[in-house]
Amino acid sequence: MFQNNREGLALALPAALFTAILFLLPVGLLLSEAFKIGGQWSLQGYVDFASKPLNQTVFLRTLKLGFLVALTSAIIGYACAFCIVNLDGKNRGRVFGLVVLPLMISPVARTYAWIVILGRTGIVNDAILALGLSDTPIRILFTETAVFLGLLQLFLPLMIISLVSALENLPKDVIPAARVLGASWIQVFTKIILPLTKDGLVMGGTLVFTGSLTAYITPAILGGSKVLMLETLLYQRVNVANDFVSAGIIATILITMSFGANLLLKRIAKARS
Amino acid sequence: MTSKWTSRLIIGLTLTFLIGPFFIIIFAGMSAGDFMTFPPDGLSLKWYMKVFTVESFRESFALSLFLAIFGTIAALILGVPAAYAISRYNIPYAETIKTVVAAPIIVPGIIVGLALLRYLVVPLSFTVTLALFMAHTALVLPYAVRVVSSSLNNLRSDMEEAAVLLGCSRIGAFMRVVLPNIQSGVLAAFILGFVTSFNQVPVSLFLSGPGVRTLPIDMLSYMEITYDPSVAALSALLALLSVAIVFLAEKFLGFSRYV
Amino acid sequence: MSNAFVSLQKLSLAYGQTVVVPELNLDIREGELIALLGPSGCGKTTTMRAIAGLMTPQSGKIHIGGVDMTHTPANKRGIGLVFQSYALFPHLTAFENVAFGLRLKKMPVSEIKSRVEEGLNTVGLSHLADRKPAEMSGGQQQRLSLARSLVMEPKVLLLDEPLSNLDARLRLDMRTELQRLQRATGITMIFVTHDQAEALALADRIVLMKDGVIEQVGTPDELYNNPASKFAADFFGFENIFAIKGSNIIGSNGSLTANFDAENGHLAWRPSAISVGSGPFQGTVMGVSFAGEQREYVIKTDFGQIKAANPAADPVYEIGTLVAFDLPSKSAWHLPNVGNDS
Numbered sequence: 001m002f003q004n005n006r007e008g009l010a011l012a013l014p015a016a017l018f019t020a021i022l023f024l025l026p027v028g029l030l031l032s033e034a035f036k037i038g039g040q041w042s043l044q045g046y047v048d049f050a051s052k053p054l055n056q057t058v059f060l061r062t063l064k065l066g067f068l069v070a071l072t073s074a075i076i077g078y079a080c081a082f083c084i085v086n087l088d089g090k091n092r093g094r095v096f097g098l099v100v101l102p103l104m105i106s107p108v109a110r111t112y113a114w115i116v117i118l119g120r121t122g123i124v125n126d127a128i129l130a131l132g133l134s135d136t137p138i139r140i141l142f143t144e145t146a147v148f149l150g151l152l153q154l155f156l157p158l159m160i161i162s163l164v165s166a167l168e169n170l171p172k173d174v175i176p177a178a179r180v181l182g183a184s185w186i187q188v189f190t191k192i193i194l195p196l197t198k199d200g201l202v203m204g205g206t207l208v209f210t211g212s213l214t215a216y217i218t219p220a221i222l223g224g225s226k227v228l229m230l231e232t233l234l235y236q237r238v239n240v241a242n243d244f245v246s247a248g249i250i251a252t253i254l255i256t257m258s259f260g261a262n263l264l265l266k267r268i269a270k271a272r273s
Numbered sequence: 274m275t276s277k278w279t280s281r282l283i284i285g286l287t288l289t290f291l292i293g294p295f296f297i298i299i300f301a302g303m304s305a306g307d308f309m310t311f312p313p314d315g316l317s318l319k320w321y322m323k324v325f326t327v328e329s330f331r332e333s334f335a336l337s338l339f340l341a342i343f344g345t346i347a348a349l350i351l352g353v354p355a356a357y358a359i360s361r362y363n364i365p366y367a368e369t370i371k372t373v374v375a376a377p378i379i380v381p382g383i384i385v386g387l388a389l390l391r392y393l394v395v396p397l398s399f400t401v402t403l404a405l406f407m408a409h410t411a412l413v414l415p416y417a418v419r420v421v422s423s424s425l426n427n428l429r430s431d432m433e434e435a436a437v438l439l440g441c442s443r444i445g446a447f448m449r450v451v452l453p454n455i456q457s458g459v460l461a462a463f464i465l466g467f468v469t470s471f472n473q474v475p476v477s478l479f480l481s482g483p484g485v486r487t488l489p490i491d492m493l494s495y496m497e498i499t500y501d502p503s504v505a506a507l508s509a510l511l512a513l514l515s516v517a518i519v520f521l522a523e524k525f526l527g528f529s530r531y532v
Numbered sequence: 533m534s535n536a537f538v539s540l541q542k543l544s545l546a547y548g549q550t551v552v553v554p555e556l557n558l559d560i561r562e563g564e565l566i567a568l569l570g571p572s573g574c575g576k577t578t579t580m581r582a583i584a585g586l587m588t589p590q591s592g593k594i595h596i597g598g599v600d601m602t603h604t605p606a607n608k609r610g611i612g613l614v615f616q617s618y619a620l621f622p623h624l625t626a627f628e629n630v631a632f633g634l635r636l637k638k639m640p641v642s643e644i645k646s647r648v649e650e651g652l653n654t655v656g657l658s659h660l661a662d663r664k665p666a667e668m669s670g671g672q673q674q675r676l677s678l679a680r681s682l683v684m685e686p687k688v689l690l691l692d693e694p695l696s697n698l699d700a701r702l703r704l705d706m707r708t709e710l711q712r713l714q715r716a717t718g719i720t721m722i723f724v725t726h727d728q729a730e731a732l733a734l735a736d737r738i739v740l741m742k743d744g745v746i747e748q749v750g751t752p753d754e755l756y757n758n759p760a761s762k763f764a765a766d767f768f769g770f771e772n773i774f775a776i777k778g779s780n781i782i783g784s785n786g787s788l789t790a791n792f793d794a795e796n797g798h799l800a801w802r803p804s805a806i807s808v809g810s811g812p813f814q815g816t817v818m819g820v821s822f823a824g825e826q827r828e829y830v831i832k833t834d835f836g837q838i839k840a841a842n843p844a845a846d847p848v849y850e851i852g853t854l855v856a857f858d859l860p861s862k863s864a865w866h867l868p869n870v871g872n873d874s
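Residue numbers (the numbering used here), protein chains in the order written: chain A, 1 to 273; chain B, 274 to 532; chain C, 533 to 874.
The following block holds chain A by itself, in its conformation from the complex (with noise of 0.2 Å):
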């Protein structure tokens, strides 16, 4: 540690102020625009936007399918997490490899492939028909289920890379231990495992809910004008509207969101501790 702290702070303010005046700002602003109507302070905006039959669909499915996604990535994250961590060296680093790979491609791209998968003329649909299952293509493309498949599969990799280091951070022998002295698998995971790692699953969860409230693509090219989510919402009303109170109000809601979640993931680890 060097003590003079006044050249630190010359080091680190260009990027703080960088970010404050020229991204911070002009959020906040467009934030407080929510709270003005016609000039004058008022919350006004939320009882209006609150009123609105759509609005509230498109929050509680939004608040749902971020809620669904974690979830599930959750489940389908320890299970892979620990058969990762249960790897030797060397394909447990090709392995990690792929699962980190996807965050890495365009989310377009990403997104793009559900297109061909879940399309009236897609992969699904082709299986569907040649099984008969039904004689005309189902509709999935523009379902929740489509989002649902297309969120899970961009945020996925980021809880199984939180879960993976909370694994290999877990002590030595503990799971062993626990099995010797007499615990069910069930145990090992409610009494050892989850305990544990619980903090990498706060990270976890915290970066696939947001993710999912805030995620755009996906929503947009898999859900359509049918499946709206308050991203596309947001972008709806201002293309469409120019309205700005709208975007105030939900760019304020998800900002909110998205620290409260995180808020109460920490919380709910310290309560099991």
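Be aware that one or more of the hints could be misleading.
Computed from the model, here is a short list of chain A residues facing chain B with C-beta under 10 Å [to be verified]: (1) Gly-8; (2) Ala-10; (3) Leu-11; (4) Leu-13; (5) Pro-14; (6) Thr-19; (7) Gly-28; (8) Pro-102; (9) Pro-107; (10) Ile-115; (11) Thr-214; (12) Ile-221.
Cut-off 30 Å, straight-line C-alpha distance, at most; resulting in silico cross-link-like pairs (DSSO-like, lysine-lysine) [what the hints assert, rightly or not]: (13) B:Lys-371 <-> A:Lys-172; (14) A:Lys-191 <-> B:Lys-371; (15) A:Lys-64 <-> A:Lys-52; (16) C:Lys-862 <-> C:Lys-832; (17) C:Lys-608 <-> C:Lys-664; (18) A:Lys-90 <-> B:Lys-277; (19) B:Lys-524 <-> C:Lys-664; (20) A:Lys-198 <-> B:Lys-277; (21) B:Lys-524 <-> A:Lys-172; (22) A:Lys-90 <-> B:Lys-524; (23) A:Lys-198 <-> B:Lys-371; (24) A:Lys-270 <-> B:Lys-277; (25) B:Lys-371 <-> A:Lys-266; (26) A:Lys-90 <-> C:Lys-664; (27) A:Lys-172 <-> A:Lys-198; (28) A:Lys-172 <-> A:Lys-90; (29) A:Lys-198 <-> A:Lys-270.
Please keep in mind that the hints were generated in silico from the structure rather than gathered at the bench. Since the model is a prediction, treat every value here as computed from it, not as a measurement. Idealized CB from N, CA, C, for every residue including glycine.
Chain A is already provided as a structure; the job is to place chains B and C on it using the hints.
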């Protein structure tokens, strides 16, 4: 032995779900027909060829590349000193500074784009390109600070003190001793920043103007108009490019530990 | 004062609000080999860092070679420091590590080469000049770090726990090596350690510190045989220390009536001064352990616990045995009540 096979099955299914779709777009882009279908109607590389002839793709690719390279460089110029200050000095308001720098990660991109449009581009006549550049810099900054910080934290600070006692100035110690030892971290930060910026969509939704469009936005609007396999082909090409970059980065830097 | 080469005057050191060293005065002669000794947190490392210029004192003065260096930056003081972790530059070869400081001095290349070679030669590393630190053993890294500081011909060489990262055998080699280098170069050396054996073996003088205050300064003989405080006595192996009250000595459980010569303060015995088997006092053996030349006993008595030692050849008393022992007056070290001991 059954647990070994269960384990392989779980990993196999997960990887199929995560990576399988890319193989599908690679093939979908090879269609000989005019519409997206899978399996494709015959095989050809015509859509892969077409991608390179579409003028707007070329322009938007150039813009995205520009933003990714220079946005990330700018983020590193701001971020490396900040990371150094955070890890080596006991600066006042360190927590506030960390929070401010990390904030762009949780602010949804679409809001950023809209906010910059309304408060910088329109009233202060910033060009769209400049606003995009700033947004990308701010977005990459948290990653740059995080990756470089973790490199710095792995480097014992007494090395700098040793350099100073041997006659270096503080800046000299940074250049001669710190930088050579964190260069792979800085490179990893650059790659992560580049990829993040290049793939970034929501920020650019509102920050686009005539002739100024990032590649992903251009792809989205192309998809709205045409349903031919060229977007699949382009997606496949971008995916392969990312794979190549990540493969090289992993090989030479052990990249995945920085993500 | 006049012949002091390094002089610390009313030095006060703090990290933020935490005062580590309230006020410290110390004079060190040229060519001395000094040990700053004390338990962790006693301020010894902080004092060393202040001498190096790595931290700025709250108040007080630091004179080196007759010059006030209190506010001279670390890179202009001409002081060498061998870090506990060695702090070698991992990206540079052994040769380049040693050449680092010389290059900064803009010395001619040929001179750098000869000086580095000489430096590596002094510590016996000439054959490893092209290796990177990661390819060297702990002992070699330490000697490299030493060479890197020595080629700068520092006025003072500081060493932070120089032997703590080495295994037992290397530690002995390094002790001899440090003494040899000190005799050969005549450099004033100050080393920091928490290990009393190391300080006794190496130093010309020992500075014993506790809670940021100097407890005692003296030669190894003086500190070992004539500790001035209860703390110093405890640090140098007087494991049985009892307060005196009237003609009693007070243990943790009670008192023992006996006629000792002293009237106040403390009496202290090393375990080796207390033999088991005969004597006016009695206790129960709680533990026995074999330690080579002697056998060590922990004995529970009515007034407290005693640590004693017999020659290993003597008969063994098993745990639980009631034994007699003596607290011989002639081998007791008397500590009068002073300052912060109570």
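Results for each hint:
| no. | hint | result |
| --- | --- | --- |
| 1 | Gly-8 | holds, 3 Å |
| 2 | Ala-10 | holds, 8 Å |
| 3 | Leu-11 | holds, 4 Å |
| 4 | Leu-13 | holds, 8 Å |
| 5 | Pro-14 | holds, 5 Å |
| 6 | Thr-19 | holds, 5 Å |
| 7 | Gly-28 | holds, 8 Å |
| 8 | Pro-102 | holds, 5 Å |
| 9 | Pro-107 | holds, 6 Å |
| 10 | Ile-115 | holds, 7 Å |
| 11 | Thr-214 | holds, 4 Å |
| 12 | Ile-221 | holds, 7 Å |
| 13 | B:Lys-371 <-> A:Lys-172 | violated, 33 Å |
| 14 | A:Lys-191 <-> B:Lys-371 | violated, 35 Å |
| 15 | A:Lys-64 <-> A:Lys-52 | holds, 18 Å |
| 16 | C:Lys-862 <-> C:Lys-832 | holds, 23 Å |
| 17 | C:Lys-608 <-> C:Lys-664 | holds, 28 Å |
| 18 | A:Lys-90 <-> B:Lys-277 | holds, 16 Å |
| 19 | B:Lys-524 <-> C:Lys-664 | holds, 22 Å |
| 20 | A:Lys-198 <-> B:Lys-277 | holds, 26 Å |
| 21 | B:Lys-524 <-> A:Lys-172 | holds, 28 Å |
| 22 | A:Lys-90 <-> B:Lys-524 | holds, 13 Å |
| 23 | A:Lys-198 <-> B:Lys-371 | holds, 24 Å |
| 24 | A:Lys-270 <-> B:Lys-277 | violated, 34 Å |
| 25 | B:Lys-371 <-> A:Lys-266 | holds, 19 Å |
| 26 | A:Lys-90 <-> C:Lys-664 | holds, 27 Å |
| 27 | A:Lys-172 <-> A:Lys-198 | holds, 17 Å |
| 28 | A:Lys-172 <-> A:Lys-90 | holds, 19 Å |
| 29 | A:Lys-198 <-> A:Lys-270 | holds, 9 Å |
In this structure, the hints that do not hold are numbers 13, 14 and 24, in rising order.
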